[in-house]
Amino acid sequence: MDEPVDETEAQEELLAALNATSAQFRKGRPIGLLLAEPPLLWLPPGVSIRPHPVPLSRTCSFNPDRLRLRHWPEAAMEALRYPQIACVLQGEVDIRVANSVLTLGQGICWLVPPGVPCPDGTALMWDRPGEPPAPSRMLSLLITPFGARCHVLHATGDSRAFIHRVFVRDSHLPVLTECLMEELRSHAPGPDAVAQTYLLALLLRLQRDLASGGIVPDAAGAQALEGPHVTTAAVQRACAYIRRNLHRSLSVAEIASHAFLSPPHLQRLFHAEVGMSLMHYVTLCRAGRAKELLAHSELTVHEVGELVGLVHPSHFTRVFTRCAGVSPTEFRLHHASLRTDVPGVTRRHVHI
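In terms of my numbering, the sequence shown is residues 108 to 459.
Please keep in mind that the hints were generated in silico from the structure rather than gathered at the bench. The structure presented is a predicted model; accordingly, all values stated were derived computationally and were not measured. Each residue gets a CB set at the ideal place from its N, CA and C atoms; glycine is no exception. Hints may be right or wrong, so weigh each one.
[Claimed, not checked] The calculated label-pair distances, taken between Cβ atoms and stated as ranges, are:
no.	residue 1	residue 2	range
1	123	419	55 to 61 angstroms
2	437	174	23 to 29 angstroms
3	434	177	42 to 48 angstroms
Start from the sequences, fold in the hints, and give me the full structure.
Structure, rendered in structure tokens:
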């Protein structure tokens, strides 16, 4: 049974939980940090894994709402639009991630990316048949485009109590979470000092926000997730991620993950708001960046293609010609007479 308490107690409890988690850094101990996303290739000390005896059903609720993409009520599982970060403050908890069960000890933190099936909060986080549930306490953060929904969960025996949820408005939190998620995905096995630093920065910002009274009732935080401005925020995040990564191969799934939306949902919203498909926008951005480099640098056509993610010369020429109406070489010749030489802008000095 959920037993909410007043907002002052919630704030004090959350501050204590955040302080306890960040204190590990101050004592020089790294936090056990896990990316709860299949395939689980690396587990920090203090975490064990076993397969769930009943695989997650393909049948689920497809009625998305402002937070949830999918729901499996019979399994007490859901897939959310936004990433979650949680830390075990006391005892142990069992969490199901897709078709695996993870046992996490005190001091372990984990990040669940958007769209990954995880517990929906309706059942005890204890999956050990024949063993009575042990007392546990856990900090949970749902990171939205506008801030974080925070609560602490106490579990004792067959009962549990949610400290009343509060919503902390801070637009830096999703940015830090995105950086943390990217570090965890790109630096296997295990998180490095950069990932630990992103997590610490996020925890310290939350502490400061709570201490300064930068919270709103959870109902107001829920209202912030309604309406067209959420679409705008998600599309803006997608566009910003694309522009930062034009030198790389990009997929709809990767971009959607950083926009905190499912790929089909992002594609629908992007087309409705921008008026073109997501990947067509990527192509136009690559061509636009290529025009800048061709007009204002001495990079070869091949080097320009590599810097905008089109590494094969014939492919780059074909894509550029389709977007610009002329080939890269013709474009450069046309702009040569208009180009103003800038001292220091050479092949070795152009940075993207």
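Quiz item: At the C-beta level, are residue 123 and residue 419 separated by a distance inside 55 to 61 angstroms?
Solution: Hint holds: Cβ distance 56 angstroms, inside 55 to 61 angstroms.
Practice problem: Can you let me know if the beta-carbon spacing of residue 434 and residue 177 is within 42 to 48 angstroms? | Solution: holds (46 angstroms)
Quiz item: Is the distance from the Cβ of residue 437 to the Cβ of residue 174 consistent with 23 to 29 angstroms?
Solution: violated (51 angstroms)
Checked against the numbered hints above, the structure violates only hint 2.
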